[in-house]
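Given chain Z, work out where chain A with the ligands should sit, using these hints.
These protein sequences, in sequence, are chains Z and A.
Counting with my numbering, you get residues 1 to 343 for the letters of the first sequence.
Counting with my numbering, you get residues 1 to 267 for the letters of the second sequence.
Treat the hints as calculated values from the structure; they're not laboratory data.
Bear in mind that the values here come from a model prediction, so they are computed numbers and not experimental data.
Fair warning: there could be bad hints in the mix.
[To be verified] Below, in silico cross-link-like pairs of lysine-lysine (DSS-like), each with a Cα-Cα straight-line distance of 25 Å or less:
#  : chain 1 : residue 1 : chain 2 : residue 2
1  : Z       : Lys37     : A       : Lys15
2  : A       : Lys223    : A       : Lys211
3  : A       : Lys241    : Z       : Lys318
4  : A       : Lys211    : Z       : Lys291
5  : Z       : Lys318    : A       : Lys243
6  : A       : Lys223    : Z       : Lys291
7  : A       : Lys184    : Z       : Lys265
8  : Z       : Lys265    : A       : Lys236
9  : A       : Lys236    : A       : Lys19
10 : A       : Lys254    : Z       : Lys328
11 : A       : Lys15     : Z       : Lys265
12 : Z       : Lys169    : A       : Lys15
[Stated by the list, open to error] Label pairs and their computed distance ranges (CB to CB):
#  : chain 1 : residue 1 : chain 2 : residue 2 : range
13 : A       : Gly33     : Z       : Pro321    : 31 to 37 Å
14 : Z       : Pro154    : A       : Glu54     : 44 to 50 Å
15 : Z       : Glu200    : A       : Thr247    : 40 to 46 Å
16 : Z       : Ile199    : A       : Glu54     : 26 to 32 Å
17 : A       : Ile160    : Z       : Val202    : 58 to 64 Å
18 : A       : Ile197    : Z       : Pro154    : 54 to 60 Å
19 : A       : Phe173    : Z       : Ile180    : 49 to 55 Å
20 : A       : Glu32     : Z       : Glu182    : 54 to 60 Å
21 : A       : Thr247    : Z       : Gly134    : 54 to 60 Å
Backbone N, C-alpha and C fix where the C-beta goes; we use that ideal spot for every residue, glycine too.
Residue strings, one per chain:
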Amino acid sequence: MDEKRNRDVWVFAEQRNGELHDVSLELLGKARDLADKTGSKVIAVLIGYHVRKLAQTLVNHGADVVFVADDTRLENYRLLPYTHVFESLIKEHGPDVVLIGATAMGVELAPRVAARIRTGLSAHCIDLKLDENGNLLQVVPGWGGGVVATIACPDHRPQMSTVMPGAMKALPEEEREGRIEEMYVDLPDSNMGPEILGIERVVAGEQPLEKAEVVVAGGWGVGSEENWSLLEELARLLGGAVGATRPPVDEGWAREGQMVGQSGKTIRPTLYIGVGISGVMHHVVGMDQSKNIISINSNPDADIFEASDVIVAEDFMKILPPLIRELKSRVKSWRSINISEEK
Amino acid sequence: MNRIIVCVKPVPDPKHWDKVSMDPETKTLKREGIPNIMNPLDKHALEAALALRESHGGEVVLLSMAPPFAKTTIREGLAMGADRAVLLSDRVFAGSDSLATAEILAAGCRWIGGFDIVLCGNLSIDGSTAQICSQLAEMLDLPNVMHVTGMEESGEDNLIITQKIENGYVKLFSGFPVVLSVRKEVNKPRYIPFTGILAAESKEITMLSNKDLCVDPERIGLKGSPTKMAGLEVRKFERKKEKLEGTVDDIVEKLVERIYQCGVIEC
Ligand SMILES: Cc1cc2nc3c(=O)[nH]c(=O)nc-3n(C[C@H](O)[C@H](O)[C@H](O)COP(=O)(O)OP(=O)(O)OC[C@H]3O[C@@H](n4cnc5c(N)ncnc54)[C@H](O)[C@@H]3O)c2cc1C
Ligand SMILES: Nc1ncnc2c1ncn2[C@@H]1O[C@H](COP(=O)(O)O)[C@@H](O)[C@H]1O
Chain Z
1 MDEKRNRDVW VFAEQRNGEL HDVSLELLGK ARDLADKTGS KVIAVLIGYH
51 VRKLAQTLVN HGADVVFVAD DTRLENYRLL PYTHVFESLI KEHGPDVVLI
101 GATAMGVELA PRVAARIRTG LSAHCIDLKL DENGNLLQVV PGWGGGVVAT
151 IACPDHRPQM STVMPGAMKA LPEEEREGRI EEMYVDLPDS NMGPEILGIE
201 RVVAGEQPLE KAEVVVAGGW GVGSEENWSL LEELARLLGG AVGATRPPVD
251 EGWAREGQMV GQSGKTIRPT LYIGVGISGV MHHVVGMDQS KNIISINSNP
301 DADIFEASDV IVAEDFMKIL PPLIRELKSR VKSWRSINIS EEK
Chain A
1 MNRIIVCVKP VPDPKHWDKV SMDPETKTLK REGIPNIMNP LDKHALEAAL
51 ALRESHGGEV VLLSMAPPFA KTTIREGLAM GADRAVLLSD RVFAGSDSLA
101 TAEILAAGCR WIGGFDIVLC GNLSIDGSTA QICSQLAEML DLPNVMHVTG
151 MEESGEDNLI ITQKIENGYV KLFSGFPVVL SVRKEVNKPR YIPFTGILAA
201 ESKEITMLSN KDLCVDPERI GLKGSPTKMA GLEVRKFERK KEKLEGTVDD
251 IVEKLVERIY QCGVIEC
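Isolated chain Z (complex conformation) (with noise of 0.2 Å):
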């Protein structure tokens, strides 16, 4: 390995029309971290155009440095540019880490870049470690989540991670001091591929799974549209957002945004609460990592109950109409006393 050689850890910084995708500061937090434990610097890689005003949030929320591409060709995301860009950095500069979003963008421009670099790449990382040596150790769900591997990749450098959108924390955003450096940018004549036509944008509403505190999820076990929306009431009760497995999705029940899993979501919200969802690893992947799991299953054998804190072994629909009125209850009664006291 080279001279340059450091061990720092940097965190490719995605956004889109200007805004920060949140894995972005999710990874700094995870960086930061990493960083701490081998004393080395944080590195957010900014690239765009009119993208400096990011850059100290990305320093507030755990980047020693930012180094910024900023190029009215690179305004939109197009993968060659960006490959390029990230290639001359990365070579110039020999971060010993090298984490990415596994978004849209993320899992496109990772592996070209890792490619070119011709290092090791994990895909989908729900957990990063060291060790002893200091080597990053990757863990990855295969097999639809049955399995976890742990991925080192000790002979080539960068070690380079895609990570799941919700598998790391944020740190909270404080004040702090970070260097940001403008980035010369250099793009060469050739083909840079496909060109866009257009970008569409469906707006979605509502409070996103990834940041609710409470989730309920629902699976196929909740049986119809309607009973669905005691789900919803339910989570509105906590004030969460409402999750799904794969097979309400599918059913129109709810939306693909919804779904929890492999191929949805990473959630870890302080509580969970699972209606009619048998636990297959799919899903189990996205939930697993939530603070307090409760479970109503009418299948006393369920395997979900193998991943959760609280088993409620009963038919839900049992189950949820007294929950919800119980909670109304007790949630008015909160109320009314803060009232006469405020009186």
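Chain A with the ligands alone, transformed into the frame defined by chain Z:
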């Protein structure tokens, strides 16, 4: 359209994944008795290729890197309608990670030659790296697009591609050759017609080893793979597993208590 290469990967049938166990000594997965199927998304990739062939002519060639038994899976793709197949099989390929696999598949593409499009699935269900499309394209020094949900030919040799991203879509205009990987929304794969099964019997599967491809042995197999497996575990959980029992009223009472204990609602 000249030629379209479709990369197909035989994967263990997920219906039998509960039979997977780990050999505690070698730390490898035991997958005996688990039948292989074509990676589900690869069927969508093949369907896209067949549809392009139907409207614009050309040849559809399947490309797979797998042990010789993969012929069975490849026949399925031939039965669906592909014209012929190339199977890359060699012991020196064993243990390849995505980078090494891409290296080998790229050599396969070059061996076939004369292609306009290489189509892949976005992700395979067993390895699930979703890295092959970009890495294969990099090895071939061609542009690529992942997450494809639509494609149509525009003029003689261009494609208009729809790419799914978070909260939306990007429309891209691409020349040939290009490497694409598809999501399942792109189409609905056709059923295999009975005549297809018969026709597949006489279609050609070319078997190639590294003697034919001559990929640098330093770049393939375990040796050529920068990522190494450092550990493998069947997932275990450490949860409290407290079972709430009694009448419905008892259970609801306890449930409310547990919810309050999580501190997510005030009391
Ligand atoms: C490549 C791939 C990727 C996938 N990715 C995902 C993913 O990201 N997320 C995901 O969720 N799935 C995913 N799946 C699908 C996954 O394999 C399972 O099919 C799915 O998670 C099962 O959902 P379920 O638990 O709701 O349904 P089921 O397995 O059908 O379970 C329903 C449960 O409801 C219980 N039940 C029935 N009636 C009642 C009642 N009245 N009261 C209480 N309980 C009741 C039953 O006992 C049963 O346990 C994927 C599959 C594949 C092949
Ligand atoms: N061994 C292989 N042989 C042929 N195609 C492959 C192979 N491995 C991966 N692919 C292709 O790459 C896609 C994505 O796979 P992966 O990157 O492994 O998730 C698959 O859907 C296939 O189209």
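Among the hints numbered above, which are violated by the structure, and what are their numbers in rising order? Failing hints, ascending: 1, 4, 6, 12, 13, 15, 17, 18, 19.
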